[in-house]
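What follows is the residue order along each chain.
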Amino acid sequence: MDLLEFARGPAMQWSLIILVFGIAWRLFGIIFLKRKKDLAEPRQTGVLGGAVKTIFSRSVPARAFWSRVMYSNIVGYVFHIGLAIVVFAFLPHILWFESILGFQWPALPTSVITLVAVITLASMVALLVKRLTHPVLRRISNFDDYFSWLVTIVPLLTGMMAFTHTGFGMRYETVLAIHILSVEFLFIWLPFGKLGHSFLVFLSRGTTGALFARRGART
Amino acid sequence: MSGLADIGVKIESGGFVADDALTGMADAVLREILQHLSALRDHGQTHVIDLASLPLTTADRRQLREALGEGEVRITIEASGPTDIHETAYAGVWWVEYQNLLGATAIEQVEITRVPAMLPSHDDDIAGAVSRLADAMEGKNPAD
Amino acid sequence: MNDKKKLPETLGEELSRRGMSRRSFLKFCTAVASAMALPASMAPVMAEALARARRQSVIWLSFQECTGCVESITRSYAPSIESLIFDFISLDYQHTLQAAAGHQVEEAREIAMKENWGKYLVVVDGSIPLKDDGVYSTVAGETNLQTLKHVAEGAAAIITVGTCAAFGGLPKANPNPTGAAAVQDIITDKPIINVPGCPPIPEVMTGVIANFLTFGDLPPVDHLKRPLAFFGDSIHDRCYRRTFYDQGKFAKSFDDEGARNGWCLYELGCKGPTTYNACATVKWNQGLTFPIQSGHGCIGCSEPDFWDKGSFYAPLSTGQWGSAEGIAAAAVAGAAVGIGVAAMSRAKQKKTSEQG
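Chains as they are written, first to last, in the numbering used here: chain E, 1 to 219; chain U, 1 to 144; chain X, 1 to 356.
Careful, some of the hints might be misleading.
DSSO-like mimics (lysine-lysine), calculated; alpha carbons at most 27 Å apart, straight line [said to hold, decoys possible]:
1. Lys34(E) - Lys348(X)
2. Lys351(X) - Lys36(E)
3. Lys130(E) - Lys194(E)
4. Lys37(E) - Lys348(X)
5. Lys190(X) - Lys225(X)
6. Lys36(E) - Lys190(X)
7. Lys53(E) - Lys37(E)
8. Lys194(E) - Lys36(E)
9. Lys249(X) - Lys283(X)
10. Lys34(E) - Lys53(E)
11. Lys37(E) - Lys350(X)
12. Lys351(X) - Lys37(E)
13. Lys34(E) - Lys350(X)
Listed next, with one range per pair, are the computed distances between beta-carbon atoms [what the hints assert, rightly or not]:
14. Asp132(X) - Tyr146(E): 52 to 62 Å
15. Thr23(U) - Lys149(X): 47 to 57 Å
16. Leu22(U) - Pro109(E): 22 to 32 Å
17. Pro109(E) - Pro55(U): 21 to 31 Å
18. Tyr77(E) - Gly68(X): 51 to 61 Å
19. Thr352(X) - Glu41(E): 23 to 33 Å
20. Ala328(X) - Ala21(U): 44 to 54 Å
21. Gly102(E) - Phe254(X): 19 to 29 Å
22. Ala328(X) - Leu22(U): 47 to 57 Å
23. Ala21(U) - Ser294(X): 39 to 49 Å
24. Ser57(E) - Thr23(U): 22 to 32 Å
25. Arg132(U) - Leu288(X): 35 to 45 Å
26. Ala324(X) - Gly167(E): 29 to 39 Å
27. Tyr146(E) - Gln349(X): 28 to 38 Å
To give an idea of the interface, some chain X residues facing chain E are shown, with a C-beta separation under 8 Å as derived from the structure [to be verified]:
28. Gly248
29. Ala335
30. Ser345
Hints were generated in silico from the structure; no laboratory data involved.
All values derive from a computational prediction rather than experimental measurement.
All residues carry an ideal CB built from backbone N, CA and C; glycine is no exception.
Generate the whole structure from the sequences, applying the supplied hints.
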């Protein structure tokens with residue numbers, strides 16, 4: 001079995017098993033946690049609206065903070081949207097999803113994907129620079145932040161290397177295998193580190209929203 | 001079954017776009033030819049360019065062939081299939097086209113030389129010819 | 001075959017006796033040089049070297065194979081003079097092509113080996129069964145394993161033709177009932193060059209043999225011992241449909257508009273990006289076409305274990321593992337662990353609050 005076969009075979013299967021296992025574990029673990037009883041009298045009873053509203057309202061920073069967070073927010077958006085386009089609109093990726101989900105969707109032209117991938121890569125570098133140079137951000141960053149950044153950028157980088165057939169001396173099969181393995185590592189890491197926000201973000205926002213609504217705070 | 005007319009026929013524009021585009025490779029080859037032609041003039045150095053080894057599209061090849069044009073000499077050699085040679089409009093630059101027995105072009109080369117390598121009679125062949133001619137004059141059958 | 005009455009003369013003498021001119025000779029060498037990506041100016045030098053060479057004794061061993069490789073090599077054309085490869089070599093043993101049969105041919109092989117000890121070239125097609133002492137394939141009472149070891153001993157070099165001899169091929173496909181192995185798994189002390197393919201391109205086989213004849217040596221190879229001149233680029237690298245891959249234009253089925261317009265066959269399972277061979281450049285059937293040009297994706301037949309690398313029609317980016325049962329089980333197990341952990345935490349909280 002060569003590296004590519006390993007990546008496409010057992011490594012892919014096991015990384016997906018760990019991904020699904022980890023997500024289920026964390027989701028159910030959090031959902032069934034005991035919550036302290038809020039003894040205060042609720043300001044309002046319908047908290048669902050507040051939960052939903054917060055999910056959206058928190059997507060835009062409060063006006064008062066604009067000058068301070070606009071950079072991170074815009075670059076962050078560029079990165080997240082870019083990554084989503086590269087992951088979900090590139091045909092080879094769609095074919096991979098199809099092999100698991102059983103259906104496909106239209107792909108974007110490869111030239112667009114390439115452009116988006118370059119922008120995404122640049123935005124990731126910009127975010128890292130910000131994290132390293134901003135005094136407060138640097139102090140509140142831990143290993144998880146840097147490691148999660150690395151785990152995310154490597155698949156992007158190796159994917160571009162595979163697509164453009166630039167192996168720096170490595171054969172295409174090797175580059176492709178490394179790309180697939182790096183994605184599989186992302187799968188394994190995703191449920192357990194800060195990348196878990198990918199499936200927890202709206203859950204936690206909704207919880208906060210519901211809490212705020214109950215207390216009558218702005219949602 | 002009904003007739004052939006029921007089978008839908010779709011007329012498509014022929015050829016693949018990818019192979020019909022000019023890439024500018026022909027100009028690069030021309031520059032290479034000029035360099036080797038100067039070397040032939042100055043030092044008598046010969047050179048062969050195998051067109052199959054270059055990423056030329058069909059259109060590039062046509063462009064190169066037209067750019068070089070045709071000169072005074074045109075030769076066909078019959079040895080295991082025909083080989084067509086012509087001197088281009090530029091003396092010392094020869095276009096050599098090896099064909100297989102089926103008439104398909106197997107190899108195309110641009111030879112920068114006074115006489116293409118395929119042309120001169122080889123010493124061994126001449127030696128063989130001497131004995132064959134002598135035998136023929138004595139009325140012998142060379143096959144014996 | 002077996003015209004060993006006279007002492008060997010040089011190829012030049014022998015061929016001129018047969019009425020083959022030195023121009024034909026030169027043309028042959030030009031074709032070989034072109035095919036092997038050697039400088040074109042090498043051809044006259046090669047012709048001179050070859051003219052002075054002796055006829056090369058070649059022993060061709062066929063093991064667990066389907067004879068497709070022999071079928072293929074007999075159709076070598078480029079240039080047509082390539083058929084003359086059989087004038088350049090003395091094919092002293094070849095099951096399919098030899099006129100003689102029975103004990104005589106086995107004897108002829110022994111004689112050829114003795115006369116050319118250390119100098120003959122061995123060509124192998126087919127894999128060698130190792131299981132149960134190799135009883136699954138025998139010729140004249142000798143197992144393939146015995147024959148290979150015996151014949152390889154006096155060989156100057158070994159050329160394997162076909163994926164079976166090079167990597168085990170179809171006989172080695174899972175579950176490999178005969179314990180099929182490649183030549184390079186058995187013979188380790190001789191120069192080996194692999195010319196895989198199912199079958200290999202005829203011009204590639206003859207090109208490698210011609211290269212050995214003219215230089216007395218095997219050409220440069222890649223990590224799988226395949227000649228770089230033919231296996232240096234992937235099918236995808238040299239595919240005329242590559243432009244469409246780059247543009248993201250893919251045929252969705254074998255007969256749709258895209259397929260007719262020559263769009264990329266990636267989605268239909270083409271293995272071109274991970275397959276190294278000369279199909280896209282040398283092509284098949286006298287340079288007429290190759291599978292992708294005929295509308296079918298590459299199946300990767302010149303790569304080891306191509307038979308066991310998932311469906312020929314599954315896109316390269318998809319996984320190669322069986323069912324999603326493991327994933328479903330993982331979801332259930334994960335949920336169970338999550339709920340269990342939450343329950344434990346609740347119990348602990350309860351205990352703490354009761355104590356406090």
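Checked hints:
1. Lys34(E) - Lys348(X): Within the cut-off at roughly 10 Å; holds.
2. Lys351(X) - Lys36(E): Holds, at about 14 Å.
3. Lys130(E) - Lys194(E): Between Lys130(E) and Lys194(E) the Cα gap is close to 18 Å, so the pair holds against 27 Å.
4. Lys37(E) - Lys348(X): Roughly 16 Å between the alpha carbons, so the hint for Lys37(E) and Lys348(X) holds.
5. Lys190(X) - Lys225(X): 12 Å, holds
6. Lys36(E) - Lys190(X): 77 Å, violated
7. Lys53(E) - Lys37(E): 23 Å, holds
8. Lys194(E) - Lys36(E): Holds - the C-alpha atoms of Lys36(E) and Lys194(E) are around 25 Å apart, at most 27 Å.
9. Lys249(X) - Lys283(X): 23 Å, holds
10. Lys34(E) - Lys53(E): Distance of about 25 Å is within 27 Å: holds.
11. Lys37(E) - Lys350(X): OK: Lys37(E) and Lys350(X) at ~12 Å, within 27 Å.
12. Lys351(X) - Lys37(E): Given pair Lys351(X), Lys37(E) holds - Cα atoms ~16 Å apart, limit 27 Å.
13. Lys34(E) - Lys350(X): 9 Å, holds
14. Asp132(X) - Tyr146(E): 52 to 62 Å: 57 Å, holds
15. Thr23(U) - Lys149(X): 47 to 57 Å: 52 Å, holds
16. Leu22(U) - Pro109(E): 22 to 32 Å: 24 Å, holds
17. Pro109(E) - Pro55(U): 21 to 31 Å: 24 Å, holds
18. Tyr77(E) - Gly68(X): 51 to 61 Å: Since Tyr77(E) and Gly68(X) have Cβ atoms about 57 Å apart, the given range 51 to 61 Å holds.
19. Thr352(X) - Glu41(E): 23 to 33 Å: 26 Å, holds
20. Ala328(X) - Ala21(U): 44 to 54 Å: Cβ of Ala328(X) to Cβ of Ala21(U): about 51 Å, so the range 44 to 54 Å holds.
21. Gly102(E) - Phe254(X): 19 to 29 Å: 20 Å, holds
22. Ala328(X) - Leu22(U): 47 to 57 Å: Holds: the Cβ-Cβ distance is about 56 Å, inside 47 to 57 Å.
23. Ala21(U) - Ser294(X): 39 to 49 Å: 23 Å, violated
24. Ser57(E) - Thr23(U): 22 to 32 Å: 55 Å, violated
25. Arg132(U) - Leu288(X): 35 to 45 Å: Since Arg132(U) and Leu288(X) have Cβ atoms about 39 Å apart, the given range 35 to 45 Å holds.
26. Ala324(X) - Gly167(E): 29 to 39 Å: Roughly 32 Å apart at Cβ, these two residues keep to the hinted range, so it holds.
27. Tyr146(E) - Gln349(X): 28 to 38 Å: Holds: the Cβ-Cβ distance is about 33 Å, inside 28 to 38 Å.
28. Gly248: 3 Å, holds
29. Ala335: 4 Å, holds
30. Ser345: 6 Å, holds
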